[in-house]
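Line by line, the protein sequences give chains X and G. Once you know that position 188 of the first sequence is 188 in this note's numbering, the rest is easy, because the numbers rise by one and skip nothing. Once you know that position 296 of the second sequence is 296 in this note's numbering, the rest is easy, because the numbers rise by one and skip nothing.
Hints are computed from structural coordinates only; laboratory data are not their basis. Values in this document were obtained by computation on a predicted structure and should not be read as measured data. Virtual Cβ for every residue (Gly too), placed ideally from N, Cα, C. Take these hints with a grain of salt, some might be off.
Said to hold, decoys possible - Beta-carbon label-pair distances, calculated as ranges:
| no. | chain 1 | residue 1 | chain 2 | residue 2 | range |
| --- | --- | --- | --- | --- | --- |
| 1 | G | SER284 | X | ASN70 | 42 to 50 Å |
| 2 | G | LEU341 | X | VAL199 | 53 to 61 Å |
| 3 | X | VAL113 | G | ARG120 | 52 to 60 Å |
| 4 | G | ARG120 | X | GLU33 | 25 to 33 Å |
| 5 | G | PRO301 | X | ALA123 | 16 to 24 Å |
| 6 | G | GLU321 | X | LEU133 | 37 to 45 Å |
| 7 | G | GLU130 | X | LYS194 | 58 to 66 Å |
| 8 | X | TRP105 | G | GLU321 | 16 to 24 Å |
| 9 | X | ILE191 | G | ARG120 | 40 to 48 Å |
Stated by the list, open to error - Some but not every residue of chain X turned toward chain G, in silico, with C-beta under 10 Å:
| no. | residue |
| --- | --- |
| 10 | PRO38 |
| 11 | ALA41 |
| 12 | VAL113 |
| 13 | PRO116 |
| 14 | ASN146 |
| 15 | TRP167 |
| 16 | PHE174 |
| 17 | VAL177 |
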Amino acid sequence: MKPELAIKPIVFILLLVPALYYFYAVYLALNGENILGPDPAQALSLATGEWSIRILVAALAITPLRYLLNMPQLWNYRRMVGLFGLFYVCLHLIVFLMFLLQWQWADIGREIVERPYITIGFAAFILLLPLGLTSFKAAQRKMGRNWKKLHRLVYAINILAVLHILWVVRSSYFDAVLYGSLVSICLGYRILRKYNPVVRKFVLLK
Amino acid sequence: MIIKTKKDIPSSEITSESSYKNRRQFLKQGANVAMGVGVTASGLLSPTASAQIMAPRSAAQLNLASKPEWLAQKMANTTPVPNSGPYTTNEMLTPYQDVTNYNNFYEYGTGKQDPSNNARNFQMEPWSVEITGEVNKPGIYTLEDILSPHTFEERIYRHRCVEAWSMVIPWIGFPLGDLISRFEPTGNARFVEFQTLVDNDRFPEQNSRFSTIDWPYQEALRMDEAMHPLTLIGVGVYNDILPAQNGAPLRLIVPWKYGIKGIKSIVRINFTSEMPNTSWNDISAREYGFYINVNPEVSHPRWSQATERRLPSGLFDRRIETQMFNGYAEEVAHLYAGMDLRVNH
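Required output: the full structure, derived from the provided sequences and hints.
This is the structure in structure tokens:
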């Protein structure tokens, strides 16, 4: 048995565990119990946001790591990790609409238009949708070269996500610097690899 | 004023006998910790208050410094909360557990639980407050000098955070105006400015390279705001001294302003003729004005201030409407007569 066959389900479950925990918390809340602290709506919003950016960055790091570590098998995880990114972004949006804005549609429209960090976050979500919809193998085959072009949108999506975090900074730049650096490294590596022959050679020799 | 009626109270929060007994037990323990001094009788023992009380916890877990004898005596002689008027409210109290474990006190870290986790080993004394600027009696006063002449009062205030959540908190304190009068401000004293302690050992976030705050944290009031009888120097909460994470040993409480005005662990009070800088105004003047009065009609640029989540909040609880000046309009609106509150936000 190939090791991936054993590892892949484990990675799948690990990525699912945070969401399962928060689903459980919402289930408890429906029964009047609370494990999310005194401000559960805020706690859920923060948690789903954090998991979104972690997983989006992880998906973006797969290609650089595949070259640097010379592990082509990492590519087997790209689709799954990317789809988990979309999944957590959806949860983040649903938490915002359902628990923070409480489905007040007039407020929702105003918030998306008037608050730049929400506009940006919403734009990132919209851009993620076509990537999710074309993530299966048949779409990949059918679209050919265009598939790759379309999926380069993840670069823009990660930049928007970092801007979204930068825009909610209050007392500390820590998260913005952390995720901004990680995204910069992942994107910078791609640029270097594409345009710098030394890096290309070094990487290909491995 | 929003008064919670019976049907708004989730069944999980209706007092059971055991939780009432827990509350009594907690009070007894608290009294024992407080060097055997009895706890003042007050409205806190009403069934509404006791409905929400946490499991008993020790003083060490709460980051309560040991109290000097003189302070224990003063706490014991606290004037109970009045039955009506602006110094109290019938709204449900936010439980002690949440008041002391859900804090913005950025010196201790950026997370809501960082203050309660990082405020260990807080020593209350020695503590002194430096009085400077336009006063006849400047100087460095010890904590005892500052607090001794004042009678402590209990007051139940709404506390509205700029982040659109709110609590109802039974504070212990005394009017800031009484303290200010002792220093005899001169005619040039138009503003009063406060600073928090700088201490790289006790306050880990003051070492952070990523903080947006230029320490020390500073806040300020116009003189008439400072002299207003609602404005308190807070020294305690829930019948005991302030835990470190709530701003021990003394802090500012201005219930009609967003919580960021309530500067904690004060070490300097300065009287000036010019409007002082305030920390959040320095970070982002567009988002935080000098006044930061609670105002549902003026949105924070990043979120609406029209409603708030009253904590503790259930995930499915409705937000409540935010009131002008946090419900203290009758008492304070005249301070801002003729001012454009959109500009002076």
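Each hint tested on the structure:
1. G:SER284 to X:ASN70: 42 to 50 Å: Taking Cβ atoms as reference, G:SER284 and X:ASN70 lie about 46 Å apart, which means the hint holds.
2. G:LEU341 to X:VAL199: 53 to 61 Å: holds (58 Å)
3. X:VAL113 to G:ARG120: 52 to 60 Å: violated (45 Å)
4. G:ARG120 to X:GLU33: 25 to 33 Å: At roughly 30 Å between Cβ atoms, X:GLU33 and G:ARG120 fall inside 25 to 33 Å, so the hint holds.
5. G:PRO301 to X:ALA123: 16 to 24 Å: holds (18 Å)
6. G:GLU321 to X:LEU133: 37 to 45 Å: holds (41 Å)
7. G:GLU130 to X:LYS194: 58 to 66 Å: holds (60 Å)
8. X:TRP105 to G:GLU321: 16 to 24 Å: Distance hint for X:TRP105, G:GLU321 holds at roughly 18 Å.
9. X:ILE191 to G:ARG120: 40 to 48 Å: holds (46 Å)
10. PRO38: Status holds, d = 4 Å.
11. ALA41: Constraint on X:ALA41 satisfied, holds at 6 Å.
12. VAL113: With a closest approach of 13 Å, the X:VAL113 hint is violated.
13. PRO116: holds (8 Å)
14. ASN146: At 38 Å from the nearest chain G Cβ, X:ASN146 fails the 10 Å test, so the hint is violated.
15. TRP167: holds (8 Å)
16. PHE174: holds (4 Å)
17. VAL177: holds (6 Å)
Consistency with the previously given hints fails for numbers 3, 12 and 14, ordered from lowest to highest.
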